[in-house]
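Participant: Listed below are the residues making up each chain.
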Amino acid sequence: MKLKKEELLHFYRKMVEIRKFETKVVELFADGMIPGFVHSYIGEEAVAVGACSNLNDDDYITSTHRGHGHLIAKGGHMDKMMAELFGKETGYCKGKGGSMHIADVDLGILGANGIVGGGFPIAAGAGLSAKMRGTNQVAVCFFGDGASNQTTFHEGINLASIWDLPVVFVCENNMYGISLSQKEHQHIKDISDRATAYGIPGVTVDGNDVIAVYEAVKEAVKRARQGEGPTLIECKTYRHRGHFEGDPTVYRSEEEVEQWKKKDPIKRFRKKLLELGTVTEDELNSIDEEVDKMVEEAVEYAKKGKFPEPEKAVEDVYTDIVEEVRE
Amino acid sequence: MKLKKEELLHFYRKMVEIRKFETKVVELFADGMIPGFVHSYIGEEAVAVGACSNLNDDDYITSTHRGHGHLIAKGGHMDKMMAELFGKETGYCKGKGGSMHIADVDLGILGANGIVGGGFPIAAGAGLSAKMRGTNQVAVCFFGDGASNQTTFHEGINLASIWDLPVVFVCENNMYGISLSQKEHQHIKDISDRATAYGIPGVTVDGNDVIAVYEAVKEAVKRARQGEGPTLIECKTYRHRGHFEGDPTVYRSEEEVEQWKKKDPIKRFRKKLLELGTVTEDELNSIDEEVDKMVEEAVEYAKKGKFPEPEKAVEDVYTDIVEEVRE
Amino acid sequence: MRKMTVAEAIREALRLEMKRDERVFIMGEDVGKFGGCFGVTQGLYEEFGPERVKDTPISETAIIGSAVGAAATGMRPVPEIMFCDFLTVPMDQLVNQAAKMRYMFGGKAKIPMTVRVPVGAGMSAAAQHSQCLEAWFIHVPGLKVVMPSTPADHAGLLISSIRDDNPVMFFEHKMLYGVEGEVPDEIEPIPLGKADIKREGEDVTVIATSMMVYKSLEAAKELEKDGISIEVVDPRTLFPLDKETIFESVKKTNRVVIVHEAVKRGGVGAEIAAQIADEMFDYLDAPIKRVAALNVPIPFSPPLEKYVVPDVKDIINAVKSIAR
Amino acid sequence: MRKMTVAEAIREALRLEMKRDERVFIMGEDVGKFGGCFGVTQGLYEEFGPERVKDTPISETAIIGSAVGAAATGMRPVPEIMFCDFLTVPMDQLVNQAAKMRYMFGGKAKIPMTVRVPVGAGMSAAAQHSQCLEAWFIHVPGLKVVMPSTPADHAGLLISSIRDDNPVMFFEHKMLYGVEGEVPDEIEPIPLGKADIKREGEDVTVIATSMMVYKSLEAAKELEKDGISIEVVDPRTLFPLDKETIFESVKKTNRVVIVHEAVKRGGVGAEIAAQIADEMFDYLDAPIKRVAALNVPIPFSPPLEKYVVPDVKDIINAVKSIAR
Ligand SMILES: Cc1ncc(C[n+]2csc(CCOP(=O)(O)OP(=O)(O)O)c2C)c(N)n1
Ligand SMILES: Cc1ncc(C[n+]2csc(CCOP(=O)(O)OP(=O)(O)O)c2C)c(N)n1
Ligand SMILES: [Mg+2]
Ligand SMILES: [Mg+2]
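First to last, the protein sequences are chains A, B, C and D.
The working numbering applies: residue 1 is where the first sequence begins, and numbers increase by one.
The working numbering applies: residue 1 is where the second sequence begins, and numbers increase by one.
The working numbering applies: residue 1 is where the third sequence begins, and numbers increase by one.
The working numbering applies: residue 1 is where the fourth sequence begins, and numbers increase by one.
Just so you know, these hints were derived from the structure itself, not from any lab.
Each computed EDC-like pair below joins lysine to aspartate or glutamate, with the alpha-carbon atoms no more than 20 Å apart:
#	chain 1	residue 1	chain 2	residue 2
1	A	Lys183	B	Glu228
2	B	Lys262	B	Glu275
3	C	Lys110	A	Asp320
4	D	Lys320	A	Glu327
5	D	Lys110	B	Asp320
6	C	Lys33	B	Glu245
7	B	Lys272	B	Glu6
8	B	Lys4	B	Glu219
9	D	Lys194	B	Glu327
10	B	Lys183	C	Glu51
With the hints as extra help, turn the sequences into a complete structure.
Facilitator: Dropping the structure here:
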């Protein structure tokens with residue numbers, strides 16, 4: 001597949017956005033600026049970017065507890081994300097959601113999700129809705145290797161398969177569900193093999209190769225838009241950091257981490273771009289700098305925002321009932 | 001495989017027991033003697049008998065809403081079953097369970113189950129327990145084609161697969177989950193294909209051929225007892241009657257039913273036995289007559305029993321707390 | 001006015017809303033050509049076709065979860081869960097997704113879906129097919145909970161539920177499906193959060209839901225013979241709860257019996273009693289009584305089942321125990 | 001006596017029972033080499049090995065369901081569900097299988113399993129990681145429900161739960177894991193169904209659970225300054241509930257405040273209030289007050305979370321509103 005330069009640069013920029021955003025988040029978390037849990041996406045950027053680069057603004061995604069990357073890749077605004085992580089009223093969810101619940105429904109982002117596997121049937125429902133409304137929207141459902149053992153995986157994909165729903169199930173196989181390695185939590189090597197159970201195509205790609213992800217998802221999105229139903233795509237990748245910030249990662253070896261860091265999706269892609277000669281080092285560096293600025297601005301925005309007034313806690317439970325929730 | 005005559009006769013007898021028991025139940029239900037729901041096993045006898053003939057008394061089974069056949073095949077007593085169906089205190093569950101909850105834990109029968117798919121993890125747990133206690137017991141989990149789309153299918157089998165639990169998952173694919181045909185509820189033809197998702201063996205057999213079922217399960221039980229883990233066996237079969245008694249079966253054609261009735265597992269097996277020349281018509285007829293008598297006795301037993309005293313309703317909720325459940 | 005059964009009233013409400021709004025659709029197990037396990041959706045498949053009356057696999061999690069996804073993206077699904085007892089299966093999608101999504105997103109989503117659920121004992125369906133679990137759902141902020149009694153209430157409240165922009169749990173008693181009652185020729189929405197006084201009375205307020213409204217009305221007749229006049233208040237929606245109407249009645253009678261079919265411990269009656277014991281304390285002249293199922297799983301055998309579930313006599317006894 | 005945190009006390013109880021009875025085993029997500037999401041099972045994997053401290057896939061339904069199967073066949077599993085909020089996933093196995101199996105089988109099975117579940121807010125874990133859902137389970141006949149506060153109570157009650165032949169839901173507050181207290185050198189089982197008076201007092205009975213016991217004790221100190229003496233009753237087990245102790249206290253004070261962290265509507269406080277409003281009506285001199293979380297999903301941002309969950313001040317205000 002021939003990719004245009006601007007596409008390649010888009011991949012690069014988005015991956016760098018995620019990396020730098022996440023790097024900053026890790027820092028701020030350590031500094032006590034971000035409450036709650038933070039699950040870093042560092043190392044997995046090629047998946048979100050490769051997948052979402054196939055989507056339009058009105059296409060849907062469902063995300064996970066490790067959602068920042070998906071949100072940025074789908075076009076989510078860094079400033080509102082950061083403000084949400086801080087718990088500010090200027091955040092995406094007015095401080096009510098936090099890292100695990102950031103959403104931007106207008107951008108088709110149906111939310112990060114604190115429930116492992118929560119997104120499967122929701123994505124199927126978004127696909128169903130698109131189909132019933134006669135649009136050609138698709139829904140991409142991101143999930144982890146661990147999530148592939150949840151109840152919802154089975155029911156969500158089965159439903160999508162029988163109704164030929166326009167859904168792409170994108171597995172981020174980072175080889176661990178918290179401390180449990182894939183070998184320990186399932187008896188298969190390739191999660192894409194599970195596609196057989198639903199009579200849908202299943203493919204495994206190098207999840208640290210943004211172009212490989214992009215192309216696999218492109219094909220799946222095409223099928224979906226043509227009414228040919230869902231696809232299961234497994235992207236083998238790795239999280240550089242612990243499961244959450246603060247995880248001592250006793251369950252994996254330093255060597256393993258180092259091995260994977262060598263396959264860093266951004267470094268690899270940068271090298272490839274330079275080798276191809278399509279772009280210059282300067283171009284890439286200036287992207288890096290632009291992104292640095294974006295992240296700084298996002299932090300500024302977040303810091304500037306106010307914490308929500310406590311009384312606002314009673315709003316947004318229902319569309320119509322507010323004060324009565326006190327009773 | 002060479003089967004001894006007594007084995008063959010055992011298959012025949014057990015299938016006839018189920019058929020005659022069920023035929024009587026249908027009659028009694030129509031007469032208003034049996035309250036609640038009744039799901040007839042007629043037409044599927046070869047599955048229960050073929051599978052359970054591999055089991056010892058201390059092996060386990062988990063059954064379904066369509067459980068009478070499994071229970072009889074595992075050695076359950078017809079009289080206590082019938083009394084339970086009548087709701088009598090002399091029944092297996094003292095009238096508390098009814099058709100969907102008959103159990104005989106001493107015979108390893110961990111209960112019929114009113115929740116579709118309820119048995120998968122329970123069977124895995126029984127297998128785990130056997131393994132931890134160092135016995136060589138196995139657990140057989142019966143389930144329908146419809147149940148293969150439940151949450152529990154996925155999690156139960158996955159668990160059994162990673163821990164090499166001694167469990168055999170026996171699917172009774174009777175082509176419908178109530179009104180929905182398999183074609184409509186899943187996008188695959190052979191449910192045994194789902195074994196791929198767990199890296200375990202999957203086989204499909206003619207579920208109306210008791211010997212085929214027997215042999216497939218034999219192999220699986222052997223694997224299980226040797227610590228090699230679970231197997232998924234799909235038995236293609238058909239229920240002659242509606243989903244439950246009273247079902248108008250608008251969703252399938254008379255022709256289809258007739259086709260399958262031609263493949264009646266008992267008629268077929270009887271014919272085969274006679275062709276093989278191992279048994280005489282007289283021998284089979286006398287089994288038929290013995291079973292007729294058994295069923296009559298079971299009905300007598302059931303009729304003779306008393307309904308439970310209403311106050312007994314508060315017993316058996318807990319092992320220790322009784323009267324306090326009124327509060 | 002015309003006569004309709006509860007099942008017919010529900011079906012008519014579904015029909016009207018599906019005709020009025022093409023975003024409304026039905027999904028569930030055997031709701032299509034089979035017409036529903038209790039025949040409630042009969043004819044709708046023929047009228048609206050398989051796209052809008054969707055037969056699903058036996059996958060309650062997928063049913064509710066896909067309804068959530070569809071509702072969040074512009075549709076108005078009306079999923080059915082075949083028996084209340086099976087709500088245990090898709091609880092996560094109901095409780096952690098449907099109920100909380102709007103809030104977690106800071107008000108930036110709405111989930112207009114109505115989950116229809118048959119509840120109740122009375123047909124020897126035993127422990128896994130007879131429960132009333134509505135109490136769980138009033139404990140889940142973000143959900144509304146409706147539990148009607150008459151055919152007219154089922155129709156009017158179902159219409160409001162479907163038009164509501166929030167997830168609504170709509171509990172129907174399976175033994176009421178065949179019960180007849182008057183239904184207006186033009187079915188109008190009945191607002192959620194408005195109780196209905198099913199019978200006026202002076203001496204004791206009986207707050208009853210679903211099937212127990214009928215049993216309370218029967219009890220009322222018996223009690224009248226003894227000179228005791230009860231007021232039967234049917235909350236109809238358990239959240240929002242019409243405290244005003246309930247409290248007005250308590251002010252008048254100063255005595256309360258709460259009746260529901262769910263097991264007593266932790267049931268909705270506890271919440272209603274607690275609200276009265278707090279806010280109406282000064283008006284109370286007697287202990288607040290609850291009549292509900294024994295705290296046991298529902299047994300199969302008819303004499304046991306009958307014993308466990310509250311009946312007219314239990315209501316009469318409770319009323320008499322506190323009547324002046 | 002020695003000092004231990006709640007986490008240590010739980011761990012010690014697990015250790016003792018696993019040493020005493022080889023049928024006892026632990027299973028759950030990351031309970032093994034990781035030592036549990038909150039570190040509670042740390043060291044047990046090393047001591048008892050992977051067979052008895054089983055790391056499971058992220059499959060709550062399989063965890064609970066296989067525990068049921070193991071319990072029914074001679075083992076005594078102690079499964080852990082990582083956050084109370086995830087109980088929504090295996091609800092069917094808890095409610096329709098574990099709780100009802102014995103009954104449905106006519107008393108011919110026992111299901112000795114103890115489900116350990118961290119509850120509660122306080123760490124900005126937001127709506128899907130902060131709930132207290134114990135109320136659902138008192139509404140399920142067949143289950144016992146334990147919710148301790150002090151380290152000693154956690155230890156003693158966990159031992160009893162593990163030895164109990166029925167399925168027990170054991171709720172631990174995650175913000176209490178680090179809280180220290182005295183624990184006997186010989187840990188003895190504390191019987192289920194016995195409340196504990198954490199502080200004697202004369203004027204108002206405060207019935208509080210879990211974390212709220214601590215907040216009530218703080219409130220007690222403040223209130224003392226105003227001359228109000230509260231008796232803090234910790235039920236410790238929500239079913240069986242020690243009505244006797246609670247009622248005795250009410251007889252003495254004639255005034256009741258119930259405090260829990262779960263949202264108010266449909267919470268356990270409703271049941272306790274309802275029982276008092278029925279059986280203790282004649283002893284009551286004031287409305288029964290409940291202090292509980294607002295009826296909203298738990299929000300993320302610290303000021304919001306703090307506002308939603310009850311604190312010392314809320315308890316003080318409630319007590320003052322009814323104190324003589
Ligand atoms: C239903 C449920 N169970 C458990 C958890 C706790 N938990 C959060 S993330 C996680 C691991 C998920 O693993 P995986 O799906 O592989 O995603 P990854 O974290 O590796 O990206 C677990 C167990 C949860 N949030 N929801
Ligand atoms: C969780 C759950 N959902 C739905 C039902 C209602 N129900 C009872 S039997 C049945 C069909 C089961 O189909 P299958 O598994 O193929 O078994 P079969 O009846 O064909 O033997 C359904 C939907 C149920 N009992 N439990
Ligand atoms: Mg992972
Ligand atoms: Mg079937």
